[in-house]
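Undergrad: As they're listed, the protein sequences go chains R and F. The working numbering numbers the first residue of the first sequence as 116 and each following residue consecutively. The working numbering numbers the first residue of the second sequence as 4 and each following residue consecutively.
FYI, nobody ran anything at the bench for these hints, they're computed from the structure. There's no promise every hint is true.
To be verified - Only pairs whose alpha carbons sit at most 27 Å apart, straight line, appear in this in silico DSSO-like list of lysine-lysine:
1. R/K308 x F/K148
2. R/K147 x F/K217
3. F/K234 x R/K328
4. F/K234 x R/K435
5. F/K250 x R/K435
6. R/K397 x F/K217
7. F/K233 x R/K437
8. R/K298 x F/K234
9. R/K132 x F/K250
10. R/K277 x F/K250
11. R/K151 x F/K219
12. R/K397 x F/K148
13. F/K219 x R/K424
14. R/K424 x F/K148
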Amino acid sequence: MGDVLIFAEHLGGHFPKTTLTAIHAGIDLAQKRGGKAIAVVAGDAPEAVAAEIAKYGASKVIALAHPALKNYLADAHAAALTALVKTTGAEFVLTTATAIGKDLAPRLAARMNAPMASEITAINDDGTYVRPMYAGNAMATIELDGPVKVITVRGTAFDAAKPAAAASPVEKLDAEIDAAALKQEFVSFNQTKSDRPQLTEARIVVSGGRGLKSGENFKIVLEPLVDEMGAAMGASRAAVDAGFVPNDLQVGQTGKVVAPELYVAVGISGAIQHLAGMKDSKIIVAINKDEEAPIFSVADYGLVADLFKAVPEMVEELKKVKAH
Amino acid sequence: MKILVPIKRVPDPATTIRVLPDGSGIATDNVKWVINPFDEIAIEEALRIKEKQAGSEVVLVTIGQSTWQEQLRTGLAMGADRAILVKSDGYLDPLALSRILAKIAGDEKADLILLGKQAIDDDSNQVGQMLAEMLGWPQATFASKVEFADQKVTVIREVDGGLETIAFNLPAVITTDLRLNEPRYASLPGIMKARKKELKEIAAESLGLELAPKLKIKSLTAPPKRQAGKKVGSVAELVGVLHTEAKVI
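I would like the entire structure built from these sequences, with the hints used as guidance.
TA: Shown next, in the form of structure tokens:
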């Protein structure tokens, strides 16, 4: 009762900060529900990653191995985790609401006829959870009924697990999968290459909107500011739709939700759906030539200015600050 | 190809959402109701497939109150062939909705189910994936491109680090993302034709399915409101306050 299986996402031998967030949230959930937190690392050869995950405080780590788990695929992973829930008798399965988490968790929930809470922002002591609805304009307190419950957590709402005093034991298990029943084929992953920090992990995010007018301007006007600040680069939906930048830079209700220490919105009007993705940032700065732009209603500091003048000027001012 | 497109009625995305003082829901007096934007993209994709594959049929289905006929008519006006309204006045959780859709998909002998990745009111992002599992079909969520070669489907998906390509055979469930297509407007001839297209209403309880909710919404609250800050007069001032006041740089 109360045991939590934490699905620990990984790729290429590394795991993102969102995995540490899942571990922290899973440990919190286990404590509140009176059980143990067990991290699960699935893959064709998961032992090395499992050994790393074991440093972060879960009661134990299961390295769940099977050739069919080499790449993430919904059906194979849902089958493997369902079997594991049965053998461990876990009450909860928890992961972060990343693209993989969102794709996998509902399939897993349906397979076990279990209810699922999507992208929660809080775990209450009374057994309820809080999650955003209506693009974050309403917070819902919800209850899940059933012997097994599936939960995804919003990455920005929980801290990342820190290294623990000692490493937890790692148990290697072969996943139970009927490979003949699998129907999905992984073809390829076209990963956007960047030396910049990850959008969901950066301390500072600088985002550009339609006001930049072109992908070229993202490169020549915005990127110097992004790099001067050592920031991650984000974008509004409008900028992505217009083809200025790739899809994985989109910040918003249906893109990435970020909560950095500093969010700088450049040429972004501030539609409800964009605000949904960044309004929990600690400090928000907006640069827009339209003083009525809705973004100013959430900005701590607003500058009404032509971004094509203001942004290069800001790069120069920042260099001066660094020089002191 | 028989394409089933589940759609949901939601408040227009530009609506100012107000949580009711008793927390039981949102105020609906100022709400303009529309088809969930992601479901509109699904309808559009289904219509494009139908235009390329002769003999295809696009069937819309929604689960809600009788008034949701309005959204079905809009979809029919865009070009869908017929519509089904599963009438339910009470709350149905994602598992129950998926169970109903799985039954309809089976009865209709659907080859493909296209629906939005999430409804912009509850933002759950669960039904498509649950439905695929209940039917035992492959799923491709957050699709930004769908290509067919006979029975084989290749889908490019928008994922965290870029674009992922997966492939599978029909039948399958695909959930749409923003950039899959740009939905067409209903034409006036389309609106006229829609009036004569079949719109069947059936009661959710008549389907003989387990519908009692396992996910219950206890209450809603408004989130803490972020206060507007101040306007600065220059870039120099901005950098100054970020350095000395906010201390973030």
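Undergrad: What are the numbers of the hints the structure violates, in ascending order?
TA: Hints 6, 8, 12, 13, 14 not satisfied by this model.
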